[in-house]
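Novice: Could you put the whole structure together from the sequences, leaning on the hints where they help?
These protein sequence lines are chains A and B, in that order. First residue of the first sequence: 0, per numbering that gives the first Met the number 0; consecutive thereafter. First residue of the second sequence: 0, per numbering that gives the first Met the number 0; consecutive thereafter.
Calculated from the structure, these hints are not laboratory results.
Simulated crosslink set (BS3-like; lysine-lysine; CA at most 27 Å straight-line):
id : chain 1 : residue 1 : chain 2 : residue 2
1  : A       : 87        : B       : 46
2  : B       : 46        : B       : 9
3  : A       : 16        : A       : 87
4  : B       : 9         : A       : 87
5  : A       : 13        : B       : 46
6  : A       : 87        : A       : 13
Examples of chain A residues toward chain B, derived with CB under 10 Å:
id : residue
7  : 82
8  : 86
9  : 87
10 : 90
11 : 92
12 : 93
13 : 95
Just so it is clear, CB atoms sit at the ideal spot from N, CA and C, and this is done for glycine as well.
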Amino acid sequence: MLMKLILCDDDFEKSLKLRRLAALAFLGVGLIGFACYFLLVPGSSLSDYAQGFYLGAAGGITAGAVILLCRVQYLLRHPQAQRRARIKETDERERTVVRSAFQMAGVVTFFSAAGALFVLLPFSVHAFWALFVVIIFYSLAFSLSYGILERRL
Amino acid sequence: MTNRIAQLRKQRHISQAELADSLEVTRQTIISLESGRYNASLLLAHKIARYFGLTIEEIFLFEEGS
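Specialist: Right under this line is the structure:
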């Protein structure tokens, strides 16, 4: 969904071709992950948890890339399906719903994370600081985005 | 803001799906427009007016204080 927002061009076919490139790039990343898992991880001192992260992340990224690639190829070869997909993605009500959902999710996540800080500190200082940095980064990203959009619109 | 989209569509014996396809929006958007849950953008309002061969003001009825 985020990729659709980022890569949606007025020319939908061009947008699909860009997504195909992105899918191939993700596939490359996934395969690198697999290669690292089989070649580098066995001789390393990584914990089982970290090794599992390599396998899970590589598998997830590769599977996602393959699915995206198949879908893009199907849409490029079937004009009717491409038209239906274009209408669904460019529909203004759909875009309004997605934008509003992102906003609501952002607000809920921000306040939940702020509340979680109080709960985390007694259990793990590292987790507390990690979450704190994420909240600060979110606030900075919001301020920067606001500044840019205020000038542009 | 209310509109006459449903009335005009039925007068011309057009289904919601056909109207949605002609305007290149989803059927759900047409449903939401007709029920008043969603207000069309200026661009979509213009497309709808052009489709029916009417002006925007003849289709979309702006009510003061609503």
